[in-house]
Each structure stands twice: as C-alpha cells, then as structure tokens.
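Asker: Following the hints, put chains B, C and D in place on chain A, whose structure we already have.
So the sequences go chain by chain: A, B, C and D. Numbering-wise (UniProt numbering), the first sequence opens with residue 1 and increments by one. Numbering-wise (UniProt numbering), the second sequence opens with residue 1 and increments by one. Numbering-wise (UniProt numbering), the third sequence opens with residue 1 and increments by one. Numbering-wise (UniProt numbering), the fourth sequence opens with residue 1 and increments by one.
No lab work stands behind these hints, which were simulated from the structure alone. Note that the Cβ used here is the ideal one computed from N, Cα and C, for glycine as well. Misleading hints may appear alongside valid ones.
[As the list claims (entries may be wrong)] Derived lysine-lysine pairs resembling DSS-like cross-links, with alpha carbons at most 25 Å apart:
#1 C:31 with D:116
#2 B:204 with B:116
#3 D:116 with C:116
#4 B:204 with D:31
#5 B:116 with A:116
#6 D:31 with D:116
#7 A:204 with C:116
#8 D:8 with C:31
#9 A:31 with B:116
#10 C:31 with C:116
#11 A:204 with A:116
#12 A:31 with B:204
[Said to hold, decoys possible] Computed list of chain D residues with no C-beta within reach of chain A, every gap over 12 Å:
#13 5
#14 10
#15 40
#16 72
#17 87
#18 130
#19 134
#20 164
#21 221
#22 245
#23 342
#24 345
#25 377
Number of protein chains: 4
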Amino acid sequence: MTAVPDVKAALRTQSIELPSWAFGNSGTRFKVFAQPGVPRSAEEKIADAAQVHAYTGVAPSVALHIPWDRVDDYAALAAHARALGVAIGTVNANVFQDDDFRLGSVANPDPGIRRKAIDHLLECVDVMDAVGSANLKLWFADGTNYPGQDDVRARQDRLAEALREVYARLGGDQRILLEYKLFEPAFYTTDVPDWGTAYAHCLKLGDRAQVVVDTGHHAPGTNIEFIVALLLREGRLGGFDFNSRFYADDDLMVGAADPFQLFRIMHEVVRGGGFGPGSGVAFMLDQCHNIEPKIPGQIRSVLNVQEATAKALLVDAAALDAAQRGGDVLGANAVLMDAYATDVRPLLAELRTEQGLDPDPVAAFARSGYAERAAADRVGGQQAGWGA
Amino acid sequence: MTAVPDVKAALRTQSIELPSWAFGNSGTRFKVFAQPGVPRSAEEKIADAAQVHAYTGVAPSVALHIPWDRVDDYAALAAHARALGVAIGTVNANVFQDDDFRLGSVANPDPGIRRKAIDHLLECVDVMDAVGSANLKLWFADGTNYPGQDDVRARQDRLAEALREVYARLGGDQRILLEYKLFEPAFYTTDVPDWGTAYAHCLKLGDRAQVVVDTGHHAPGTNIEFIVALLLREGRLGGFDFNSRFYADDDLMVGAADPFQLFRIMHEVVRGGGFGPGSGVAFMLDQCHNIEPKIPGQIRSVLNVQEATAKALLVDAAALDAAQRGGDVLGANAVLMDAYATDVRPLLAELRTEQGLDPDPVAAFARSGYAERAAADRVGGQQAGWGA
Amino acid sequence: MTAVPDVKAALRTQSIELPSWAFGNSGTRFKVFAQPGVPRSAEEKIADAAQVHAYTGVAPSVALHIPWDRVDDYAALAAHARALGVAIGTVNANVFQDDDFRLGSVANPDPGIRRKAIDHLLECVDVMDAVGSANLKLWFADGTNYPGQDDVRARQDRLAEALREVYARLGGDQRILLEYKLFEPAFYTTDVPDWGTAYAHCLKLGDRAQVVVDTGHHAPGTNIEFIVALLLREGRLGGFDFNSRFYADDDLMVGAADPFQLFRIMHEVVRGGGFGPGSGVAFMLDQCHNIEPKIPGQIRSVLNVQEATAKALLVDAAALDAAQRGGDVLGANAVLMDAYATDVRPLLAELRTEQGLDPDPVAAFARSGYAERAAADRVGGQQAGWGA
Amino acid sequence: MTAVPDVKAALRTQSIELPSWAFGNSGTRFKVFAQPGVPRSAEEKIADAAQVHAYTGVAPSVALHIPWDRVDDYAALAAHARALGVAIGTVNANVFQDDDFRLGSVANPDPGIRRKAIDHLLECVDVMDAVGSANLKLWFADGTNYPGQDDVRARQDRLAEALREVYARLGGDQRILLEYKLFEPAFYTTDVPDWGTAYAHCLKLGDRAQVVVDTGHHAPGTNIEFIVALLLREGRLGGFDFNSRFYADDDLMVGAADPFQLFRIMHEVVRGGGFGPGSGVAFMLDQCHNIEPKIPGQIRSVLNVQEATAKALLVDAAALDAAQRGGDVLGANAVLMDAYATDVRPLLAELRTEQGLDPDPVAAFARSGYAERAAADRVGGQQAGWGA
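Next up, chain A with everything else stripped away, as it sits in the complex:
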C-alpha cells in the first residue's frame, strides 16, 4: 500500500465544503422537527460551520443558499466568516420556493416567470462577486408531474437559453456547477435528470461549465463511481454534493448508508486526478440532519469523507495496475479491498495530533459545551430551516 507519510501529506491538502443549510432545521414533507440551538441567521450558521472546521481541520469553507442566506451586506458576511477561520464558498441558487415557480423556473412556460428566475440567478453572481466566490451551483427543481403537462423539448430550449445568459455574466474565474437529479420535487420528468443531460448543456456553454454529482440523485443501481471516472476523463467533473441514501434522495450523512461506495468514488477521484490542489473538483456536503443534532452530524460526515479518502489514498496503485493488466480478477479486487479493510482511524488520529487538533473531533466538540451554549443563547427569533 501507499506509504503512510505520503497519505498523510495528501490528506493535509483536503478541503470539504459545508452547506450553511445543514445547520438549520430540515425534514420531510411530513414534518420538520425543531431542534434546540438551531441558528437564526446566516451569521449563526457560519459560526456553527466554523466549529466543524475547528475540530476536523478539513472543512475550511461554507456554501451559501440564496435567498436562504440573503443578507444586506455580503462583504460583512464574508469578513464574519474569515474572522471565524472559514471562507464563503459556493453560492447555491434557489429558484423553487416561490408560488410563481409552481410549473418551473427557467423552464416555465411563462416567459415572465422565466425572466424572474434568470434575474435571481444573475443576483447570485452578484453575491459571488461580493463574497469572492468562484462557484455558482445550479440545481433546478424544474420538471413536470404528468405526461403531456409540458413539452420536454421546449423546456430544454428554455433551459439552454437561461444557462447561456447566466454563463455570459460570469467573471473569468467563476464557473457554473450544473447539478442533475432524477426526480423530486418533479415526478414525471426533471429537466436535468442525469449526468448526460448536464454534460450536454455544459459542452455547449463552454469550459467553465461543469457537472456536479450529488450522490443521492440517481436511479437505483446507478454506478456513481463510473460517472465520476467518465466526467474526470472528459474534464467536466466540477464537484460533489455528498450525502447518502438507501432509497431516494434521502440526504442522510455521507458514508452512513454505503461506506464502500464512498470509498469506490474516492478511489476513482484519486485515480482520475480529481484529488489535490488544482484539480478543480469541489467536495461539498449537501445533506439534512432531520433527527440527529446538526453540528455533530456534520462532524461525523466530514470524518466519513476523510476516512474514505485515506483508504483510497492507501490503494497500492502499482499492484492494482499489474493485476488488472494481467487479467487477475480476484487479485485486482483484493488489492482494492486491502485498502478498504484497513482501519484508518489511528492514522487520522495521528494526523490530527500532528496538526494540533484533538484526535477525536466528536468527543472534543461534545466536551466544548458549544451546543449547550447555543441552545441557551439562541432563544427567540425564527430558527433557520428549509424555506426560512
């Protein structure tokens, strides 16, 4: 296997982005459960995110969701983040929480509503300029619920037109990360249902349009690591929205449902040159902590990604290549499984100690009393949440 010092050196460069919305209340259509100490503002969300970085050392940036994180002074928000030791990362556009968007946003049959949606996307680029963000993440809830409801092809034309206008507005160091999703909230067609559709649109936009892989957005049985390998080969992997699922877009903690899949994904990332500074691949979390506490849920998720990465880095690439070329099915599989079977927790504890961190981030955060203080202090006001 790869030498441990090399693995540690690589792990030191890792950077996982946290979603501001993971710290607010979330739930299903059946119920959003309120939790004590939940943030009431973008500033408090960033403060919570900064805790995750403080204990793990690998989560130095926070993604915003507009309008959920709309503030008057974005420069001040960015300064607030910096003061807490983190940066503002990707800006996520939200064009699905307005009654006008009942039949879609940029693909709506009504041109007035399309205009409103595009204007919101352009506003998001303004926010990017203000906070110094390079990534505009676009996920569209657009689609239809019933056969015949709208014209599949016309909706593609409208989508393409909107994307062109937004792409043209980007600064030279900014890019579009286009996300796909098979279904939900639309239940018959989704306008960007799969990686192929996202890829086809990106190709027409230009080099600064790339595909985002949300690990919960696929049909049952889809081989996600294959898509990762393909997009890296095409130079079109913009990043990940990590989470995990047993059934649909469950948005559970990444690594909770299928840690071996997460390892296989990270293996393809490492093998395809998607890991490390300069790779251009953004590693973002996008998940909901419906029933578990938010900050510990994020810490656990970050650790799960870090463990999968460590295992992927341990894979003996030379031995794997030799077995693969020799057609040794069991031998090649065994090389991969050796890395996966390794318990990397001691290695990571050591790495943290070397970085001046507590070897056990979960326990250290629990001991800190932050959660109790937040619950005591954050009284009154409106808890942040989906749609709030």
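Answerer: Chains B, C and D only, in chain A's frame:
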C-alpha cells in the same frame, strides 16, 4: 367479453372514498404551493368532496385525518356530510406531526411517547364511534434513519403491543386497516415496510385486522397485483390507498403513471372476489394535488379508477380460463389485452346519463362555477394543508 | 385529434425491423426451451420473418447477428430475402460468445483479444457491404464484475480507439448505431452503461455515429421518452431496440409490460420529428420469445408498436400546445390521454383491408398452416438459438 | 467492544455450507465461459469443496443440486465426502431444467407436469434419507411472463398442494427451506416472489417449514437485515443463500458488492439469536464464479462471511442498547460503526493459527498446486455446469 349490461350493473355498485386532505394544499419538502379557493376547515373539505360525488356518482364517502380534521362536534360534522350527500368513512390516525414523534410514535424507545401515541389512536376510535365509522386506518411514519439507531426487534415488540391495545378497543363492527410503506419519512428501516410485515401483525390481532395496499408504497419493480391476489386469497385485503407513482411515493393521480397496472390490479380484485357489496375491500384515494387544482384532480382520479374497473369487468373470464388452462400464453394474454384496449368512455358516459348525471363530469364541474365561487368566498383564514 | 386519413397515411410509411434471432430458441441462464419448427439456418429465420411482414405489412426488413447468421454467400442471402419480400437491414456485431471474451472484447486488457474483437467488427462492415446494409449496431457485453477488476478509464480509452478504427472503415452511407446497457452480463461496471456515455463517444466519432435506445437497458425508474426527446434534439437518435420489461432486461414482447410507456415514447418520436421517411430513426425489435411461439410473438409485437404509433399520431398537437403554454396541467394531460384511451384497432383493421391484408394478422397467420408445416418440415439439424 | 477471546470462541463454532454447483462452469444467458480444471462429476465437486474447508476451517459441508449431482450410490457419495473431511448438507431440488417445465413445475396448469415435479421433490427426500441430510431447499422458477398468462391464485393453490405433499413425506428431523425470488427466470409474476409469500406458505405447513433468504433475490432498496430480524422474531428463518449483487440476481461473491450490508445482516443474526449451534439457521453460499476461478472464489467468499461475522460479534451490545434506549441517534450509530471500521483480519489470522491452519488461506491454496494439478488431471469428460 362480459355483456355490457352486466358491466354497468356492477359499476353502479362501485364506491370510491375520497381523502379530505386531498382538498388542502400539499407539496414536497421543497415547497407547498398555495392554491386559490382551498378549504380552511374540515367542513369546507367535505363540501369539496361532495362536489366530486355530485358529478361522478361513485364517491359517496370522505375519509378524515385526525388531528387535521379535528372538530369539537363530530356528530355535527357527520350530519354536515350527510346534508351534502356524502358520508364520513375511514378515520386516519396521524402520529407523525409532533416534535415528540421525532424518533417514532408507537415504536418510540421512550415509553411516555408511546403512551401519547396510543392515546391518540384510541381517540381516533372515539371519533369513529362519533361519526359512525367502521375503519381505522393506521399508517406509522415510525422507523429509523441510521443503522444501529434503534433495535429492529424491540420496535416490532412495541408496535405489536400498541396494536393489541387499539384492537381491543374496537367495536364489533370496526376494524383496523394496517398500511405498510417501504420508506419515507424514515430512510433506513420502516417498522411496517411491506405487506408481509403488515400481514404478520394482522394475523396475530384477529380477523378484524386487515392490510391496506397503498399503490405508491412499494420497492421498484414490485408486482402489486400479485400482492392483491394473495391478500384476497388469505382474506386479508382491507382496501386500497390509490395514487400513482413513477419513482417513489409520488402521490400523483391514480392511473396517471401506469394505467395498465391499475387495470391489472382491478382485474385481480374482480377475479378474487374483492369487488362488489360485501367484499369488505375499501377503495380509497390517497394522493396529493401539488400543482393541479384539487377538485378536478379528484374527479379525474375517480374517473381513472372507474375506467380501469370497467375494463376489468369486461374481461372474458371463461375465455381467459380456457386459454390459461390450455397453456396458450399468447391467447391468454390477448384475452386480457382485448379488455384493456377497449375504449370504455362511451359506456361510462351512457351509464352516467342513465343515472341522471352529466356524461362528462370534468366539463360539467368546470361549467358549474363552483371553483370560482370558492376562490372568491374563501378569503381570510388559514388554508388547510399538510400539517394544518 | 388528428384526422384519421392523415394518421393512416403516416402509418403507411411505418417500417419496423425484425431481429433474425427472435425466431431461434432463446431463454434465460436457467434454461433455453426448445420449440417445434424453429429455424436451423439464417435462410429459415428470414423466411419466418417474411411471414410477419406478409401479414402485418409493416416489417419489411430483417436484422442479422454475426456470427449467428454467418453464411458463405451474403449476396445470395440478400437475394433470398428479396425473393421473400423483405430486405436485410442492420448488421449486429457479436463479440461476447467466445472464451477469449471472458474479460471483454474491445475493452479487454489484452491487446491481442482487442485486435480479434476489432477484426470481427470490421468483418461486420464487410457483411454490410455485401448485403447492402447501412447500419452497424454495436452492443458490447464488456464490463467488470468486481470493484478494482479493471481500470474504468483505461477501458474507455480502449473502447474509443476501437470505435475510431471501425468508424474510419464505414462507407459514406453507413453509420454506427451505438447501444448502451446498464448491466448484464457484466455486473459491476458496463463500459457503455447509459445514453450519456454512448452520446459522448458518438460526439467524438462524427455525424454518422448515433445512439440506439434499447427499451430494456435502463435503471429502474428511468424516463425513456425523455432520453428520446433529448437525443432527437441533439440529432443523435439512431434508433430503437424495442422490447419490454418489468424488472431488468427481460426482453419480453414490446408493449406487453407498459403499453402507456410505449405510447409516450412514440409521442416523443412523432413530436421530435423522428417518425417518417428521412428521419433516420430505425425502429427495430430486439426481444426473446422464451415461452411463446416465435412468429406469433413477433406479429403481436409489431401490432403493439403499430397501435402505439397510431395513438401517438392521433394526439391533437395544437390543443396540446395550447394547454401546455397556458399552464393547464390537467388539460394538457387530458389531451394526451384522449389519444391513448382511443381504441385504434378498428382504424388499423381498416388500414390493413385498404392495403389488401387480412384485418386480423394473428388469426390469419394461425389459419395459414405455416407453423404446422414448419414443425413438420424442420426435422433434423440444429435449431438456431442464442449462441448457435 | 466484545472481548476478543469471546469473539474467537464464537467464530470457532461457525459453519458455512458450500454449493456443489459453484465449482462447475456458470455464466449468463449470453455465455458460459469454460475454465480449466473444472470438475466433471459430483465427486470432483466435493473434492474441490473440501479444499475450501481445508484452508478456511469453517466450510464443513457441501450442498447438492438434484439432478445436477445425481449419482447411483448416494451412500457412497456421502462416504466420499466424509473421507475428504466434509459432510453432505442441504439437498436442492431442481425443477426448472426440463422442456416440460416451460410453464412451470408444481404450479404448472397441466396436472401431469405437476405430478412429475412433485415426484422429483419426493425423490430429493429419498436422496436426503440416503445421504443423511436434514434440509430440503426448494426454489421454484415457476411464474409467468405475461399479464393474463395464468391465474395467480390458482397457481398459489397448486403450489400449496405440492408443498403439503412434500412436507408430509419429510422425516421427523427434516425440514423444508422455502426460498423466494422476485424475478428471473419468470418476468411478470413469480409464484414465491417475497418473504411474505414464503412465510404464509410455511405457516400453513408447520414448524418444519422455514424461509430461506437469498441475498440477491429482492427488489431494489429492500432492507434485507430487517427481514432477517423479522423472521428470527417469528422463528421462521431457515437460513441464507449468500451472494452479492449490484443490480439483480447477479450471484457475485458474497460481500463483494456491499460488505456493510453483509455486516448489518450478520449483526441482526447475532442480535436475534440466529448464530451459534442450535440456532437452526443454515449459512449457505449460492453464487456463480463466471469469470474468476472457482475454488479461490469460494475461499474469498467464505472469508468475507467470516470477517462480517467477526465484526458483528465485536459490536458492544450493552453500549448499543444504552444509546438506543436513550434516543442517541449518532451515539448508537457510532457503536455499530466502531465494530464495522475495525480491521478483523489480524484477529482471524490469529484464530487460524490457533486452529493449525495457515493464517492466509488464499495464499496457502495458491501455493498448494491443487489448481494446477486439477487442470492437468481433469482432461476429457464433460465439465460440470449449469444444466450439466
């Protein structure tokens, strides 16, 4: 095929139950879109449901959801329904919309919360007594999101205990209809995920516990009509929650996604003695009209069930039996497909005319001006909806 | 709805291609059941296919599978087909039935085996030249069964190289139809698992490389008609391999499992300009008649496609467009469903009579005595089948 | 976590049964690849199986498949096995590889064919008597491919009748293990598609009828460990057919596709009292080595089950229970994950050394030269395989 007069006579006995909650606003976790004229009370929901019956003639009862339809005087509510030409049907218990139920209701690890949940179920039987309902429909959102979160077997024990207590409280003409669902809102285990689990619990309770098949609650690829045939053979098919789906529990209008599947289900119902007075099978709708208008959505759904039923009744049972016994694969399939390929809309229009109804319920309701009046009158107050 | 004469005129131009292998024995890994009268040669398969065309009038060509249909004199085979009233259509390459291909064909880690596979593909182009075929259909069983078994990216490189060599060999009026399949016989990765991968390869090859949609080759829940609309918009829909499925690649008769899906697909084909002479979209059947008789199974399949096409042609495009643009969800859906609910069998019977055919192809073939004669005559020799 | 000596003691009692057919050639409907050294007789299959036990120490029995393993003298076969250090275990009945079974075996519409099928099942009990086997494993390929093809309910009646006759024939220490499977080779209905159907039949038969869980026989998304917990609670878990899958019934090596799922299954087995002598749960492998060598493939599979078992035994049951009762979602999940993240290979190597085995069974078998000798010796004759 079966003679048309016989088909018509059978169709005259059909009875489809409407869900009160289908007339309120609904949506996904991403957004609940508000619609004009939506009811603000249980009484207004029943009034809307009565419209569906007035135009279709086959929807004479309305199911309640407690606490969504909680009122001070249930006898008055029942009288209100009767005055509008409909009856109150099944009572649905809701033990998922309270912060206490974060980790489950009757299967919660906390005995105090279990008590609270059971007490709510018992209250629902009180409501049944008050409105004269024979059916208690139980669907539990209970389950877990993470491996290890709770003990699968202990949760079954708690569930069984709660069911026993509720079953003991039933009046002699009342029954439990136990519903199963693969996932959502729980994403790792659901305490009643499949028909087998519901069936095993019903067996232990007694004859007045039966299984409800919600057509959107299965794993991909599940053959629902097979389950229907099996439960009828076992005498344990309590009824249906009809809706349709392309992906998960999409709750689209029944018959919208796969009309052939609906026909196959109705074929097994007819073949297995589940159709007609005395069969004891309740045909209920349970769906959401997230983007389409509510009353027309219910009318369309009722018509879809009626059309599928008419086709199922048309199947030439003798010819089918002969082909099946003879091992004539294509011939037997052709007998079934002949009925399915038939356009039954003229037959149904004729039936409605004979019953003194407009042959086209959709157009007749649209012409009536009811929707416009509701939108004008129902101003102020809180629109009913999921959780309202 | 569209005027019936226009629908009939369009239907007269329809052309569905039959697969020679559908007339041989087929089965699952558990058992291939032998049937009486099954062809023993390519010539006999073509004779059977000609029967399907004789009774339906819409199946004027037969696809070959090489090496299953390998003969010494392809020009004679083509003449034999012409004499029976049909033409030879697409040539299908088969690089999966040789012990050498255990770890793949064009993507095999062994360069010698890759060479052998490519040579077979080039031989198929020779066959195309000899029989006058314009279409080379490529489906690769290539893939891996275990994580780590081979390098995903290297396999893509090898695949691309092979495709380039074959594409370069094509005559000016010939094209590659590249098929994708999610899984089977490979169970971890498939080298062309989805339309996106096929599309990406076709883009790099050139205009004469297009994607084939096999209706049984998708993950559960995939919206196939969406892919059809997309590929037509991109000018990359080469054709269909029609069949139907309830679970995986079941290869049942097209239209048997979900006739509504088949209608929706044909609706997108018609709407997107994929129907009619000059559209360049090949409508091929690719299915197995494991338990039902072969020729009647093909006749039923052809009729199913024809019925779905007739319904799609009946859709009132102007009314649909108006409802879609107006955001009338239920109205737009109703326009589509009106066409689907129509019983088109009388219209098709009429069309056949006008064409001098029997209005009921199934009954007419049964009366003809062909099946009985084939069973009596085709004694001795080796029945054709998968792998034969 | 549980103390290592206790874990080792428990592991010493483990017993995994090997399938004789895993040593023969297998494949998909597309191709069965021949491998060197494959057995040509039941005796050679047992010899190969004995190798797996010799190196792992936990695979002391071999299951037979009749008629694949039909011999003249079963007592001699049992003695042959004993001489090689293994025993003959479960007898598997095969009623799907005869042209008569095209439309089913015990559920066939033809009573003569049903009789033939039942007679074969009775013959299998004779074999059990002769070899001293206590388990009759029944899997039926029975089902239908097309809607209407046969009567779902009549098929259940026929199936029940056949099961009753076979059950009555069992000796007092013999039992029926009834297996279910969602689909394949039947593609519309399967007569025993899910655990609920198998369970309902077993209930009616009596205590000596139990359900077998084949880990590849479920719909996508099915929670298998939940079924395991339920069947153990009902006293109806007869055993496992282990293998793994990414898509359908892929029959890959157990633990290869989702090792975490295998661990969760073993956790429920241990928690529910299904592990250890006297539990009555049979741990069997049922898988195909289509592209990898057979004996090493079985060794790897046995090791995968052993590793998952070791991890399940390591789970700190007291800590888990406390966290679960306290509603500590993340804490309870962490207890489970701690055991899963542990690298148990050193513990298992130690255990083997204590048992006088080589710590690395894979390497030891490779060094032994057995495979090379088998390839040299087993020349001529017909290689065993599916259907052979």
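Asker: It remains to establish, for every hint, whether it holds in the given structure.
Answerer: Against the structure, the hints:
1. At most 25 Å may separate the alpha-carbon atoms for a hinted pair to count; residue 31 of chain C and residue 116 of chain D meet this at roughly 18 Å.
2. Proximity of residue 204 of chain B to residue 116 of chain B is assessed by CA-CA distance (about 23 Å); at most 25 Å being required, the pair is judged to hold.
3. At most 25 Å may separate the alpha-carbon atoms for a hinted pair to count; residue 116 of chain D and residue 116 of chain C exceed this at roughly 47 Å.
4. Using a Cα cut-off of 25 Å, the hinted pair residue 204 of chain B and residue 31 of chain D is violated, with the two alpha carbons roughly 48 Å apart.
5. Of the supplied pair hints, the one linking residue 116 of chain B and residue 116 of chain A is violated, its CA atoms being roughly 47 Å apart against a limit of 25 Å.
6. Proximity of residue 31 of chain D to residue 116 of chain D is assessed by CA-CA distance (about 30 Å); at most 25 Å being required, the pair is judged violated.
7. For the given pair, residue 204 of chain A sits about 37 Å from residue 116 of chain C by alpha-carbon distance, which is inconsistent with the 25 Å threshold.
8. With a CA separation close to 44 Å, the supplied pair residue 8 of chain D and residue 31 of chain C exceeds the 25 Å bound.
9. Distance check on the hinted pair: residue 31 of chain A and residue 116 of chain B sit about 18 Å apart at the alpha-carbon level, within 25 Å; holds.
10. For a cut-off of 25 Å, the pair hint linking residue 31 of chain C to residue 116 of chain C is broken: about 30 Å separates their Cα positions.
11. Taken as a hint, the residue 204 of chain A and residue 116 of chain A pair is honoured in the structure, with Cα atoms around 23 Å apart against an allowance of 25 Å.
12. Distance check on the hinted pair: residue 31 of chain A and residue 204 of chain B sit about 31 Å apart at the alpha-carbon level, beyond 25 Å; violated.
13. Every Cβ of chain A is farther than 12 Å from the Cβ of residue 5 of chain D; the closest lies at roughly 20 Å, confirming the non-interface assignment.
14. Non-interface call for residue 10 of chain D relative to chain A: holds, since the shortest CB-CB distance, roughly 20 Å, exceeds 12 Å.
15. Every C-beta of chain A lies more than 12 Å from that of residue 40 of chain D, the closest at about 23 Å, which supports listing it as non-interface.
16. Non-interface status of residue 72 of chain D relative to chain A is upheld: no Cβ of that chain comes within 12 Å, the nearest being about 36 Å off.
17. No Cβ of chain A comes within 12 Å of the Cβ of residue 87 of chain D; the nearest lies about 27 Å off, and the non-interface call holds.
18. Every beta carbon of chain A lies more than 12 Å from that of residue 130 of chain D, the smallest distance being close to 36 Å; the non-interface claim holds.
19. Residue 134 of chain D, annotated as away from the interface, keeps every beta carbon of chain A farther than 12 Å; the closest lies near 33 Å.
20. Distance check on residue 164 of chain D: its Cβ is at least 37 Å (rounded) from any Cβ of chain A, clearing the 12 Å threshold; non-interface status holds.
21. The non-interface label for residue 221 of chain D is inconsistent with chain A: the shortest C-beta to C-beta separation is roughly 5 Å, within 12 Å.
22. The non-interface label for residue 245 of chain D is inconsistent with chain A: the shortest C-beta to C-beta separation is roughly 9 Å, within 12 Å.
23. With 12 Å as the threshold on Cβ separation, the claim that residue 342 of chain D sits away from chain A is violated: the shortest Cβ distance comes to roughly 6 Å.
24. Under the 12 Å C-beta cut-off, the non-interface status given to residue 345 of chain D relative to chain A is violated; the minimum distance is some 6 Å.
25. Every beta carbon of chain A lies more than 12 Å from that of residue 377 of chain D, the smallest distance being close to 22 Å; the non-interface claim holds.
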